[in-house]
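*Asks:* Following the hints, position chain B against chain A.
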Amino acid sequence: MKLEAVPQDASHYEGHKRLCYATDAEGRTVRALSKGWEVETIVTARAIERLREQVEAAWDCVDGGTRTPLFAAIAERQSNPRLFAQDARLPWFVVACGVRPALARWLPEFVWTRFAHALAWNLEPVLLRCGATRADALAALNPEAR
Amino acid sequence: MTVFEQPTIPGLHTPHTLPAPIQAAHCESGVTVELLRAAGLDVSEPLAFGIGSGVFFTHMPFVKVTGLPVTAFRSLPGTLFGKTCARLGVKSTARRYLSRRAARRALDEKLAAGVAVGLRTNIHWLTYFPKAFRFNFNGHHIVVTGRRGEVYDVRDPVVDTPVTCHADLLERARFARGPLAPHGYLFHVAQSHVQTHAPDLGAACLAGLRESAHRMTRIPLPYFGARGIALLARRLGSLPSRGADSERIRDELAFVVRMQEEIGTGGAGFRYLFAAFLEEAAFHTGLPALAGHARTATAIGDVWREFAVLVSRMCKGKEPMGEGLTRVQALLTRIAAEEQTLFLSLGKAVT
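Protein chains in written order, with the numbering used here: chain A, 1 to 146; chain B, 1 to 351.
Read the hints as simulated data drawn from the structure, not as lab findings. Among the clues, some could well be false.
[Unchecked claim] With a straight-line cut-off of 25 Å between C-alpha atoms, the simulated DSS-like cross-links for lysine-lysine are: (1) LYS35/A / LYS131/B; (2) LYS316/B / LYS35/A; (3) LYS17/A / LYS110/B; (4) LYS64/B / LYS131/B; (5) LYS17/A / LYS2/A.
Source: prediction; values computed, not measured.
Extracted from the complex, chain A is given alone in its bound form (with noise of 0.2 Å):
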C-alpha cells in the first residue's frame, strides 16, 4: 500500500486513529495513521447487525412469554446459556432453568444475585426473572454507568 493511498474514510473509530504500514516514494514501509477504511467499515457494520438481529430474536422470544428477560440480556452480552453458565459457575442446567418461565420461578434468590453478577446488571436481580425491558437492560448492562 503506498503512503498517498492510506484510507481517510469514514468509519467506526469514534475519532480515534489507528496505526498502520505503508510505503513511501522510495519503497521503504513507513508507519502512517488512518482514519478508516471503507472496506473494514462494512464488514464491521455487517457484524455488528448480525449481533442485533440475534439480540433482537432473544427479544422477540421474552415478548412471546417463551425465555425469560436473562435470555436476552445474556444475548445483548454476546454470550449463549452454556458460555454464561461458566461465567456465572454454575451448572449449565440452572442456566437452562433461568431461561425458561415455568422453571425460572423455582430457582433461589441466591442464583439470581449470582446471574445479575456476572452479567453486571446494575438494576434488581429479580428484573431478570420477569419484568425486565428492553430499555432497563440497555440501561442495566451499561459498563460505562460505572
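*Replies:* Quick look at chain B alone, frame taken from chain A:
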C-alpha cells in the same frame, strides 16, 4: 496524515523508568515493545513481531467462532511475547490464575514494585474502545502501568490516547470465558532482569524468520500456512454447491476480512507489518536479499487488500455472487502460491 520516522537502532534506557507510550498496529507486538522498553531495551514493533514469529495463517473450518469458521493471520495469542523475549535473551515471566483475588493481588504487587505488566483481556469489557469493536474476543493485550484507587492506568498500544480501566471491568476482562479464555493471564519482563548489553538482533531475526518460514510452508496439514490459504480458496469456492445461501457466503467472507483488517493488523493481515520487519532484518542480519523479500511481502499484502475490496463489494451487493466468488477463489489461490514461494525463499535465505 501523520508519517513517523523509521524506527531507530536499539539503545538502552535506565531500567524501570517508563518511556513515553507508543502507538502500535497490533496489540501483542505493541505490548511486547512497551514491556521491553520499560525494561531498558528499545525495539521497534516490526522487530518484535518478526522476532516472535507473529506472521502465520490458519483456516480451520471445524472450529467455529460465532458460528463461522476460524481464520487467523497470526500466531496463537500469547506466544509472541515469550518468543521475542527468549530470542533477545530477556528473562520473562507469564502465568495464569484460577482465583480472581490472587490474580488481582499479583497485579497490584507488580505495579507497587514498579513493574509494567502485560495482560490478556476480553475486549468486550474495555469501555475505552469504540463500541463497534467491543466484540467478545479474548485475545486482546494491554499494558497496565499503575493503579489509582479503583482505576488502573492502561497503555493500550492500538489506541492513540492514554486510557484507564475500572478494577471491576478489568477483572471481568481478565476472566472472561470462551475461546482463548485468558484465565487472568499476566506477563512481564522478569524483575531480576537487568539489561546490560545490546542483544544480538541479527540472530534473533534469523530465529524468528526460520520459524515463520517453517510454519508457513512445512506443516503437513491443510489448515496452516500457505496450504491453509489454498484450503480457504477451495472452501469458499465450493460453498454454493454445499448448499450455503448468499447471506451465509457473505457472512463467511466478511468474517475473513474482519480478521484481516479489523483486529489491529497494520493492514493486509499483518503482511505490511511483516514487510517492515524484513526491511529491518535485512539491516540487522546483513542479508540485503531480505529487502527484496520485503517488497514481495508488500505486493502480497496489496493482493490481500484487493481481496478485501472485492468482498466489501459483494457484501454491498455491487458484485454478482457467482462471478465474485470465482474472482475470490482466483485471488486466494494466487496469494497461496505467492506466499508459498516467498516463505520457501525466505527459508532458504536464512538457513
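*Asks:* Against each hint, give a clear statement of whether it holds in the structure.
*Replies:* Hints, verified against the model:
{"no.": "1", "hint": "LYS35/A / LYS131/B", "result": "16 Å, holds"}
{"no.": "2", "hint": "LYS316/B / LYS35/A", "result": "21 Å, holds"}
{"no.": "3", "hint": "LYS17/A / LYS110/B", "result": "31 Å, violated"}
{"no.": "4", "hint": "LYS64/B / LYS131/B", "result": "23 Å, holds"}
{"no.": "5", "hint": "LYS17/A / LYS2/A", "result": "18 Å, holds"}
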